[in-house]
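Number of protein chains: 2
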Amino acid sequence: MYNLTTPVELRRPALVHYGSGALAKLADWVAASGFKAPFVVADPINAVRLSLLGLGEVNCFGDVVPEPGSDNLEDAVSAAKGADVVIGFGGGSAMDLAKLVAVMVDQPVELSDISGANKAPARKVGLAQIPTTAGTGSEVGTRALVTDPETNSKVATESPYMLADIAIIDPDLTMTVPPHITAATGVDAMAHCVEAFTSKRSHPLIDDYALRGIQLVGRYLQRAVKNGNDAEARAGLSLAAFYGGICLGPVNTTAGHALSYPLGTQYKLPHGIANALIFPHVLAKNAEACAEQTAAIAQALGFRGGDSAEILAGATAFCKSLGLDMRLRAYGVKEDSLRAMAEEAHAIRRLLDWNPRELSVDDIEALYRQAY
Amino acid sequence: MYNLTTPVELRRPALVHYGSGALAKLADWVAASGFKAPFVVADPINAVRLSLLGLGEVNCFGDVVPEPGSDNLEDAVSAAKGADVVIGFGGGSAMDLAKLVAVMVDQPVELSDISGANKAPARKVGLAQIPTTAGTGSEVGTRALVTDPETNSKVATESPYMLADIAIIDPDLTMTVPPHITAATGVDAMAHCVEAFTSKRSHPLIDDYALRGIQLVGRYLQRAVKNGNDAEARAGLSLAAFYGGICLGPVNTTAGHALSYPLGTQYKLPHGIANALIFPHVLAKNAEACAEQTAAIAQALGFRGGDSAEILAGATAFCKSLGLDMRLRAYGVKEDSLRAMAEEAHAIRRLLDWNPRELSVDDIEALYRQAY
Chain A
1251 MYNLTTPVEL RRPALVHYGS GALAKLADWV AASGFKAPFV VADPINAVRL
1301 SLLGLGEVNC FGDVVPEPGS DNLEDAVSAA KGADVVIGFG GGSAMDLAKL
1351 VAVMVDQPVE LSDISGANKA PARKVGLAQI PTTAGTGSEV GTRALVTDPE
1401 TNSKVATESP YMLADIAIID PDLTMTVPPH ITAATGVDAM AHCVEAFTSK
1451 RSHPLIDDYA LRGIQLVGRY LQRAVKNGND AEARAGLSLA AFYGGICLGP
1501 VNTTAGHALS YPLGTQYKLP HGIANALIFP HVLAKNAEAC AEQTAAIAQA
1551 LGFRGGDSAE ILAGATAFCK SLGLDMRLRA YGVKEDSLRA MAEEAHAIRR
1601 LLDWNPRELS VDDIEALYRQ AY
Chain B
1251 MYNLTTPVEL RRPALVHYGS GALAKLADWV AASGFKAPFV VADPINAVRL
1301 SLLGLGEVNC FGDVVPEPGS DNLEDAVSAA KGADVVIGFG GGSAMDLAKL
1351 VAVMVDQPVE LSDISGANKA PARKVGLAQI PTTAGTGSEV GTRALVTDPE
1401 TNSKVATESP YMLADIAIID PDLTMTVPPH ITAATGVDAM AHCVEAFTSK
1451 RSHPLIDDYA LRGIQLVGRY LQRAVKNGND AEARAGLSLA AFYGGICLGP
1501 VNTTAGHALS YPLGTQYKLP HGIANALIFP HVLAKNAEAC AEQTAAIAQA
1551 LGFRGGDSAE ILAGATAFCK SLGLDMRLRA YGVKEDSLRA MAEEAHAIRR
1601 LLDWNPRELS VDDIEALYRQ AY
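So the protein lines, in turn, are chains A and B.
Just so we're on the same page, this note's numbering is the position in the first sequence counted from 1, plus 1250.
Just so we're on the same page, this note's numbering is the position in the second sequence counted from 1, plus 1250.
In case anyone wonders, no lab produced these hints; they're calculated from the structure.
A few of these clues could be false.
Same chains, same names: a pair is fine if it fits in one copy or spans any two.
[Claimed, not checked] Using 27 Å as the maximum straight-line C-alpha spacing, the simulated DSSO-like pairs for lysine-lysine come out as follows:
1. 1286 with 1331
2. 1275 with 1369
3. 1331 with 1584
4. 1476 with 1374
5. 1476 with 1331
6. 1369 with 1584
7. 1476 with 1450
8. 1374 with 1570
9. 1584 with 1450
10. 1584 with 1570
11. 1518 with 1286
12. 1331 with 1404
13. 1275 with 1450
14. 1584 with 1518
15. 1404 with 1518
16. 1275 with 1286
17. 1450 with 1404
On a predicted model such as this, the values are computed, not experimentally measured, just so you know.
Here chain A stands alone, though its shape is the one from the complex (with noise of 0.2 Å):
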């Protein structure tokens, strides 16, 4: 856990349009950047709702799925040839392929040479991102996960060239998402502000990007799960997600992200239940290591603090408020699996290195098993 003076390099879009009815800025940035050939990559939910954009005709890759592979993304990139600016909308998945995209688009490079860190070639189109769900965060950062399906395995590329332009997060795109993924979503936002605040690599300047993310979630995630039409909450959520994703760049998850990703590639979970699953039952574990962060957090999410086994409770009673099932076993987990992914979780190392306690297999697996 950092001081203030601790050096921070904070990277976020320079123009970033906030509020309900902030997607009418697009098509204005899109004609006063002088850009011609907009495309843009989205899942097939908001594909058949384009006309939002306020571009008229506009070309667009609509085929994003769930956790998408290296060939959905060649399929977007093969798409894309002549376009001048790219905008993602939707979730994480089409704002992480645009991101690809973006710097891929009439390059001579394959995702296998840019993956990793700061190997992606100088962007030669613009960037726009625009979420339509409040979890990810992605539209602020410069990271894409991409599944390579031949290991299963989440590929990360990390590039200052896939940081978009602009990021316009109008919460009424929010309004249409059903209960069970507003629950899903909001609680991956919830999750990247907590663990950025309970890192050993937190940093003041992060954590009050955090803590007011983990409040917002607190104030709003139970009303709008129980009335998607809520503006305000809507709102408050998008934000949360926004302040989730600053969180990601300097300071990153630790072992609660690390425990969620075995249940996305060994049983497709989606991201924001596996996040959800995992929740209680890190924050529980790692309680004593960082017993202040874990008080405040108890607080901003509406339970009482206390031990471990408090917290446990707590924390689960928070996500069961939000309509989620919180045995792993309800997903069709096998308990013959947790072993496997236990030892999976662990080789997780930058993530891992950074929770407040070390955890070894054996931790992990009685997490595991106390969550199934």
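Once you have looked at the hints, place chain B on chain A.
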């Protein structure tokens, strides 16, 4: 006072390096960006420590004066010919001139062509901003003020092209700022936050920066005035100035700054001192119109809230504790000029229209008289 759903435009350099030692990132960034001809805009105090920038021999215009006029700007633009990146290195004056130099260098425009909003041509060179005081927050903004020598009034120029590519906020650079300038610039940063926080167009998203900035000034300004080498305090104030700059973009200041400007134009009072002299009087006058915000400000600065008289006493004591003489008369202001100053201030509608309460010329004159 807007709510969480209200649209807001957030502009900030896409890359901000903050923290002790962050200055070392400048040379890396210049090299990685491929710039070959950097040009520094600095005041004389910083022109003698160019070696800190790590750029070797570097072209520099080192004659930035306080409250610079258009002649000072013209000299800087001429000296910049052939530059491919402009670096502002100093306080608000140096950074404001750097913004203008960056859009004017080697372009066929005069200040009169571009003053006002959105008239500057697209910038063809890079722009980096490095504050050496913790006050103006100019490093993150799109606005520059230059004095017209004929009318003696401030000419504002604003353009998204004047936003820096990178801001490097290294509190170590502020360590040598003497106590009275530390106090004045710290109050300026606080005033940006306080006025945005109490503005009629305050926004919850910006309020977070504003309140945090005020808290940082409350916690650290007295410490930094007392001991300039207090690294944590210097860092806190640099962050407060950054947050104040964020407040200026979408919300901006109100009566405090409007009433301060005549002290600058008529009596050449430094901007921070002028702000401090006015601050308690406007805060107290506005107290009823924004009681909740005023109470939060009092708490953040460490004095007791209450009625208008208590606010006035508390805020005045806060400023006095920084070593500031809080009487206008102590700075050579003439009593018989107060009416004319009130008329000048009252005419600054772009700020006064957002003050939480209406202030007549008589009201303003009474505030000056109270401060006299």
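request  = Go through the copies and call it for residue 1275 and residue 1286: within, between, both or neither, with a Cα cutoff of 27 Å.
outcome  = Within. Shortest intra-copy distance 16 Å satisfies the 27 Å Cα cut-off; inter-copy 36 Å does not.
request  = Could you place residue 1584 and residue 1518 in one of the four classes (within, between, both, neither) given a Cα distance threshold of 27 Å?
outcome  = within (13 Å within a copy, 76 Å between copies)
query = Between copies, within a copy, both or neither: which fits residue 1518 and residue 1286 at Cα up to 27 Å?
reply = Result: close neither inside a copy nor across copies, 39 Å intra and 50 Å inter.
message = Treating 27 Å as the Cα threshold, decide for residue 1584 and residue 1450: within, between, both or neither.
response = Neither way: residue 1584 and residue 1450 sit 32 Å apart in one copy and 57 Å across, limit 27 Å.
query = Using 27 Å as the alpha-carbon threshold, which applies to residue 1476 and residue 1331: within, between, both, or neither?
reply = neither (43 Å within a copy, 61 Å between copies)
Same-copy or cross-copy closeness of residue 1476 to residue 1450 [CA-CA at most 27 Å] = Classified as neither; 35 Å inside a copy, 32 Å across copies.
task = At 27 Å max between alpha carbons, let me know whether residue 1286 reaches residue 1331 within a copy, between copies, both or neither.
result = within (13 Å within a copy, 33 Å between copies)
request  = Evaluate residue 1450 and residue 1404 at a C-alpha cut-off of 27 Å and name the case that applies: within, between, both or neither.
outcome  = Only inside one copy: residue 1450 and residue 1404 sit 24 Å apart there, 48 Å across copies, limit 27 Å.
Within, between, both or neither: residue 1476, residue 1374 at alpha-carbon 27 Å = So residue 1476 and residue 1374 fail the 27 Å test inside a copy (44 Å) and across (51 Å) alike.
key: 27 Å Cα threshold - placement of residue 1404 relative to residue 1331   = Within. Shortest intra-copy distance 26 Å satisfies the 27 Å Cα cut-off; inter-copy 49 Å does not.
inquiry  = Within, between, both or neither: how does the pair residue 1374, residue 1570 come out at a Cα-Cα threshold of 27 Å?
reply    = neither (46 Å within a copy, 55 Å between copies)
ask   = 27 Å Cα cut-off: does residue 1404 pair with residue 1518 within a copy, between copies, both or neither?
value = within (12 Å within a copy, 61 Å between copies)
Going down the numbered hints, you'll see the structure goes against 3, 4, 5, 6, 7, 8, 9 and 11, while the others check out.
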